[in-house]
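**Student:** With the hints as constraints, model all of the structure from the sequences given.
As a plain string of letters, each chain reads:
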Amino acid sequence: MTAATSAANTNAGTASAMRGSQPPLPGAWRVGLSRGQVELKSFFRERQSVAFNFAMPAVMLVLLGTIFRGQHTGQGVTIGDLYVAGLIGGGVMATSYQNLGVSIAFERERFTLKRLRGTPMPASAYFAGKIIQVFTAATAEVAVLLAVGVAMYHLRLPASPAAWWTFAWVFVLGVAACSLLGIAASSLPRSAARNGVAVVTLPFIVLQFISGVYVPFTLVPPWLRDVASVFPLEWMCRGMRSVFVPQAVSLEPSHSWQHGQTALVLTAWIVAGLVLCLKTFRWQERTAR
Amino acid sequence: MNATDRAVRVRGLRKRYGGDAAVRGIDLEIAQGEVFALLGPNGAGKTTTVEILEGYRDRDGGEVSVLGVDPRRASRAWRARIGIVLQLAADAPELTVAEMAEHFAGFYPSPRRPAEVIDLVGLTDRARSRIHTLSGGQLRRLDVALGLIGGPELLFLDEPTTGFDPAARRAFWEVIRALSGGGVTVLLTTHYLDEAAALADRVAVIRDGVIVAEGPPGALPGHRAGEAVVSWQDRGGTRRERTAEPTRLITGLAARYGGEVPGLTVTRPSLEDIYLDLIGGRQ
Numbered sequence: 001m002t003a004a005t006s007a008a009n010t011n012a013g014t015a016s017a018m019r020g021s022q023p024p025l026p027g028a029w030r031v032g033l034s035r036g037q038v039e040l041k042s043f044f045r046e047r048q049s050v051a052f053n054f055a056m057p058a059v060m061l062v063l064l065g066t067i068f069r070g071q072h073t074g075q076g077v078t079i080g081d082l083y084v085a086g087l088i089g090g091g092v093m094a095t096s097y098q099n100l101g102v103s104i105a106f107e108r109e110r111f112t113l114k115r116l117r118g119t120p121m122p123a124s125a126y127f128a129g130k131i132i133q134v135f136t137a138a139t140a141e142v143a144v145l146l147a148v149g150v151a152m153y154h155l156r157l158p159a160s161p162a163a164w165w166t167f168a169w170v171f172v173l174g175v176a177a178c179s180l181l182g183i184a185a186s187s188l189p190r191s192a193a194r195n196g197v198a199v200v201t202l203p204f205i206v207l208q209f210i211s212g213v214y215v216p217f218t219l220v221p222p223w224l225r226d227v228a229s230v231f232p233l234e235w236m237c238r239g240m241r242s243v244f245v246p247q248a249v250s251l252e253p254s255h256s257w258q259h260g261q262t263a264l265v266l267t268a269w270i271v272a273g274l275v276l277c278l279k280t281f282r283w284q285e286r287t288a289r
Numbered sequence: 001m002n003a004t005d006r007a008v009r010v011r012g013l014r015k016r017y018g019g020d021a022a023v024r025g026i027d028l029e030i031a032q033g034e035v036f037a038l039l040g041p042n043g044a045g046k047t048t049t050v051e052i053l054e055g056y057r058d059r060d061g062g063e064v065s066v067l068g069v070d071p072r073r074a075s076r077a078w079r080a081r082i083g084i085v086l087q088l089a090a091d092a093p094e095l096t097v098a099e100m101a102e103h104f105a106g107f108y109p110s111p112r113r114p115a116e117v118i119d120l121v122g123l124t125d126r127a128r129s130r131i132h133t134l135s136g137g138q139l140r141r142l143d144v145a146l147g148l149i150g151g152p153e154l155l156f157l158d159e160p161t162t163g164f165d166p167a168a169r170r171a172f173w174e175v176i177r178a179l180s181g182g183g184v185t186v187l188l189t190t191h192y193l194d195e196a197a198a199l200a201d202r203v204a205v206i207r208d209g210v211i212v213a214e215g216p217p218g219a220l221p222g223h224r225a226g227e228a229v230v231s232w233q234d235r236g237g238t239r240r241e242r243t244a245e246p247t248r249l250i251t252g253l254a255a256r257y258g259g260e261v262p263g264l265t266v267t268r269p270s271l272e273d274i275y276l277d278l279i280g281g282r283q
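These protein sequence lines are chains F and A, in that order.
1 is the number of the first residue of the first sequence in the working numbering; add one for each residue after it.
1 is the number of the first residue of the second sequence in the working numbering; add one for each residue after it.
Some clues are possibly wrong.
[What the hints assert, rightly or not] Selected chain A positions facing chain F (Cβ under 10 Å, derived; list incomplete): (1) Glu54; (2) Leu95; (3) Asp143; (4) Leu276.
Derived from the structure by calculation, the hints contain no laboratory data.
Quick reminder that beta carbons are idealized off the backbone N, C-alpha and C, glycines included.
**Tutor:** Laid out in structure tokens, this is it:
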């Protein structure tokens, strides 16, 4: 070894001596909160995510509500009422499933995930950051949609704590199920830049048409409703109708809100989504070398 | 050097992809504080080797020790001691340079000061800019800053100066020299042989999954001491001759031309000449 190398060795020796008194690694909670902050900044500063995941449901509510203004379905239910409840379901899925499915596909393709994996950031902190971002965006989304509903369609917010409790569990279970499915869907596109948005978004658009988001559920043929009721979105919309349009219960095929079944189906999707994520999540693209 | 002086120790490393052997028995030793360059054409097994050392990939055989730890058992504490600069990571376009550096600093137990690292890579006047407004070279410098932010003992640099203009490259080399002077071990992969020659204490050339040559950049096998290339202008155009006795050849030429030899140049074979010989037809 040369003289230069041995001089460098002396320096490295002091570096490793200092290591003995090194402070402990930052806690997973602290790193998770910091991830959440960065995720929120990125989400709300990016025009595309704000436009597609956040503003879209509100724009659709204004648009569809205006087109079908004043139309009634009977039983004191306006089309506008149904759209508020339906788009809350759709908005929750947009800010969870679509948001995560597209953004994580890009994070994988652009080596964001790979770079994070190469740091001492705990994996749990990454997912904690996503949870913080998704729940914040979804809550803000619901608030915007309710504000539009109250301002444009004379929506009356429920007063009973029981209704808000129903809202809370449908919201939390729905966000959880759709987030896990979004994380799993992020592994589907072969190239995020070329077809990531289409691959992730296409099934979501189809579901919105048959689950009572874009088309009032009363107009969807029964066999398509049966198809829709396999997936979480239909149950989320139904749960939201039970909270914000309770008088619509007589329009439901079973003349009841089926809360027990809603909780069961959403929980089943959470379990299925978790299994899918554990089986498919990768920090880097699968490449030959 | 004894065992504790080694930042990296590799014995008999093997890796296959399907039926394809990418790495076929590599041995490596890198001393602490050394700048070591891994050279080789695309597909030679360079990236695979480095990614196994970084803990990104598993191996099929061989022993690997990086800072005394097998990267298969990469822990957070071990990751805190290494820094990785990937080939390209264009993420978080809406954050500012300072926000990103501060965020990454929060992953480490004893990070360097973000402002200091930003200054080190020459991005101080862009610290408040959103990342998507940076130029290619500035993005690359941010990548390097994020690799340094944890105060690593070992830094992996993958093609660090791709897309740099010549001045930025020279400035970057100074950064690496300063780090190395401070005791940081650097493992560099690069396509630029002048970069390897300028920075590395030792280089290794990989070809077809094995190391075909290893040593200080000025003393690789094929670099026969004293050999030079002499060229001059003849009636038929430029003549070149490779010789171990350049002085004797030039004396002869001077006698033949009766004084000045037209267009005379004498050069030592560069690392590039030797590298091309090594990865070319013969082994």
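**Student:** Each hint: holds or not?
**Tutor:** The hints, checked one at a time:
1. Glu54: Where the cut-off is 10 Å and the nearest Cβ of chain F is about 6 Å from Glu54 (chain A), the hint holds.
2. Leu95: Cβ of Leu95 (chain A) sits 6 Å from chain F, so the hint holds.
3. Asp143: Nearest chain F Cβ about 8 Å off; hint holds.
4. Leu276: At about 23 Å, which exceeds the 10 Å cut-off, the nearest Cβ of chain F leaves the hint on Leu276 (chain A) violated.
Comparing the model with each numbered hint stated earlier shows that hint 4 is the single one that does not hold.
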